[in-house]
Amino acid sequence: MSPSSKPNTPAPHPAPDFNNHQALAYRYEDEISLIDLWLVLVRRRLTIFTVAALLSTAGLLYALLSPSTYLYSTVIETGTVVNDNGMIMPVESPSALLTKVKRAYIPQVLHNANSKDDEQRYDLDASIPKESGLIVLEAKGAVSERDIYMALLTDVTRLAAQDHKETQNVTRGHLERELADENITLASLLDEATLNVEKSKLENELQSARLTLAEIRDPNNQRLPIDVLEIEKENAKLTLNSLKDQHTLIKAKISREGETAQLIKKQITDLQEQIAQALQHRQRGTTEATDEARAMTLLMISNEIQQNRNHLAELEERLYVELEDKKEELQKNLADNARRQTVQQKSIALIERQIQKAAADNLRLAEKQQPAIDEIESELTKLSADQKHQIARQRQVIKELENRVANIRETRAVASPMQSLLPVGPSKILIVALSLIVGLMLGIFVAFIREFLSKASQQTKKTLAVQ
87 MSPSSKPNTP
97 APHPAPDFNN
107 HQALAYRYED
117 EISLIDLWLV
127 LVRRRLTIFT
137 VAALLSTAGL
147 LYALLSPSTY
157 LYSTVIETGT
167 VVNDNGMIMP
177 VESPSALLTK
187 VKRAYIPQVL
197 HNANSKDDEQ
207 RYDLDASIPK
217 ESGLIVLEAK
227 GAVSERDIYM
237 ALLTDVTRLA
247 AQDHKETQNV
257 TRGHLERELA
267 DENITLASLL
277 DEATLNVEKS
287 KLENELQSAR
297 LTLAEIRDPN
307 NQRLPIDVLE
317 IEKENAKLTL
327 NSLKDQHTLI
337 KAKISREGET
347 AQLIKKQITD
357 LQEQIAQALQ
367 HRQRGTTEAT
377 DEARAMTLLM
387 ISNEIQQNRN
397 HLAELEERLY
407 VELEDKKEEL
417 QKNLADNARR
427 QTVQQKSIAL
437 IERQIQKAAA
447 DNLRLAEKQQ
457 PAIDEIESEL
467 TKLSADQKHQ
477 IARQRQVIKE
487 LENRVANIRE
497 TRAVASPMQS
507 LLPVGPSKIL
517 IVALSLIVGL
527 MLGIFVAFIR
537 EFLSKASQQT
547 KKTLAVQ
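Per our numbering: the sequence shown = residues 87 to 553.
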């Protein structure tokens with residue numbers, strides 16, 4: 087039988103791939119179905135209800151057992167003063183007072199309260215409502231703590247008021263002293279004796295002004311300052327002439343010093359020639375010296391040369407040092423003399439202007455004194471009317487001071503510390519409702535966790551069985 091005649095045998099089926107089948111199963115299990123979720127919730131309803139019941143019971147117990155919390159509050163109004171412009175100003179800005187309340191007063195009263203009871207800790211808060219200058223103090227606590235919180239709020243208010251009271255007392259004392267002084271002034275204005283004193287004072291001033299005018303117009307008085315200035319002018323001219331004479335004398339001394347210098351220069355020239363001749367004689371004598379007589383002659387020539395040189399040095403020192411110093415000193419004296427003459431000439435010119443001014447001043451004084459007399463006479467005429475105006479102004483000043491004292495309002499609590507009518511915070515029904523909702527959510531979460539753990543355990547067992 088040929089190979090081509092062999093019967094057709096069916097091809098073998100491929101072996102099932104276990105890994106692919108398992109992957110498909112896992113992929114199918116990863117798909118989320120709402121029906122499956124519902125079935126899980128139904129199957130685990132006991133767990134859900136148990137967790138929800140436990141949390142609801144806990145919330146109910148908390149709502150029933152926890153004490154109600156109330157709000158205790160008070161409002162602090164900053165005290166005021168009146169400034170010099172009559173404006174009502176706060177003793178301290180609300181923001182600054184709030185800082186003191188938070189950083190100083192509240193910690194102080196809380197420290198005192200907490201140190202008395204180590205098991206209980208109290209808390210206070212302060213704030214400024216928007217667009218308000220008031221400070222709100224608040225605290226939350228149970229009804230059993232009402233008296234304590236009321237006392238704490240009162241203590242904080244008292245500390246703030248006490249701090250401002252010291253400043254206000256200083257201001258009030260100053261204003262009261264000023265008010266007392268103004269009242270004394272008013273009493274003085276209302277006294278007729280004061281008017282008579284003022285009238286007598288003005289009459290004396292008028293008499294004095296008239297006497298002054300008469301003295302100004304007196305020819306002898308007008309001439310006296312001018313005569314004094316004329317004498318000063320003559321003395322200044324004498325001093326100027328003396329300076330001119332000294333100037334001439336100094337110039338003559340300078341001229342004589344120049345002549346002395348010429349004479350000394352001539353003497354120096356003669357000495358230099360004598361020294362040169364003596365040096366020549368000594369040189370010839372040195373070459374020709376043969377006996378003691380010639381040696382003695384050379385010694386005498388040397389002594390003469392030395393004496394001439396010493397004399398020459400003295401003349402040169404006198405010419406170039408002493409005479410130069412004298413010349414410089416004379417030149418300095420000459421310059422000083424010239425400057426003093428200039429100053430003296432200016433002094434004479436100034437005295438001449440003062441003489442002219444004195445004459446003009448006499449005229450101006452007379453012209454100014456008459457309006458002063460007219461003014462005093464006018465003041466005498468309107469003295470009574472002015473006194474009435476001064477009394478009215480003084481009363482107005484006193485009234486303003488009284489208003490400033492009256493407007494010094496102390497820092498205070500707008501109302502006594504109060505307890506809120508209703509508890510604050512979440513209500514008991516809300517607490518129970520929230521605990522029920524949280525219990526249901528937590529129960530559902532626990533149910534899914536248990537379902538996941540159950541399926542994971544089953545899958546682990548299947549895997550181990552296949553292996």
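By construction, these hints were calculated from the structure, which means they are not laboratory data. Cβ atoms here follow ideal geometry from the backbone N, Cα and C, with glycine treated the same way. Don't take every hint at face value.
Claimed, not checked - Derived DEER-like restraints, expressed as beta-carbon distance ranges:
no., residue 1, residue 2, range
1, Glu318, Ile477, 53 to 59 Å
2, Ala471, Leu449, 34 to 40 Å
3, Glu463, Met175, 44 to 50 Å
4, Glu402, Lys432, 42 to 48 Å
5, Arg131, Leu220, 54 to 60 Å
6, Leu466, Asp313, 35 to 41 Å
7, Glu217, Ala519, 33 to 39 Å
8, Asp472, Leu324, 56 to 62 Å
9, Lys351, Leu324, 40 to 46 Å
10, Leu449, Thr271, 48 to 54 Å
11, Asp170, Asp313, 24 to 30 Å
12, Leu324, Leu449, 49 to 55 Å
To be verified - Only pairs whose alpha carbons sit at most 25 Å apart, straight line, appear in this in silico SDA-like list of lysine to any residue:
no., residue 1, residue 2
13, Lys319, Thr334
14, Lys285, Gln480
15, Lys216, Asn171
16, Lys323, Arg426
Tested hints:
1. Glu318 with Ile477: 53 to 59 Å: holds (55 Å)
2. Ala471 with Leu449: 34 to 40 Å: holds (35 Å)
3. Glu463 with Met175: 44 to 50 Å: holds (47 Å)
4. Glu402 with Lys432: 42 to 48 Å: holds (44 Å)
5. Arg131 with Leu220: 54 to 60 Å: holds (57 Å)
6. Leu466 with Asp313: 35 to 41 Å: For leucine 466 and aspartate 313 the Cβ distance comes to about 38 Å; the hint holds.
7. Glu217 with Ala519: 33 to 39 Å: holds (37 Å)
8. Asp472 with Leu324: 56 to 62 Å: At roughly 58 Å between Cβ atoms, leucine 324 and aspartate 472 fall inside 56 to 62 Å, so the hint holds.
9. Lys351 with Leu324: 40 to 46 Å: holds (41 Å)
10. Leu449 with Thr271: 48 to 54 Å: At 42 Å between Cβs, range violated.
11. Asp170 with Asp313: 24 to 30 Å: violated (56 Å)
12. Leu324 with Leu449: 49 to 55 Å: violated (31 Å)
13. Lys319 with Thr334: holds (23 Å)
14. Lys285 with Gln480: Roughly 20 Å between the alpha carbons, so the hint for lysine 285 and glutamine 480 holds.
15. Lys216 with Asn171: Violated, at roughly 28 Å.
16. Lys323 with Arg426: holds (12 Å)
In this structure, the hints that do not hold are numbers 10, 11, 12, 15, in rising order.
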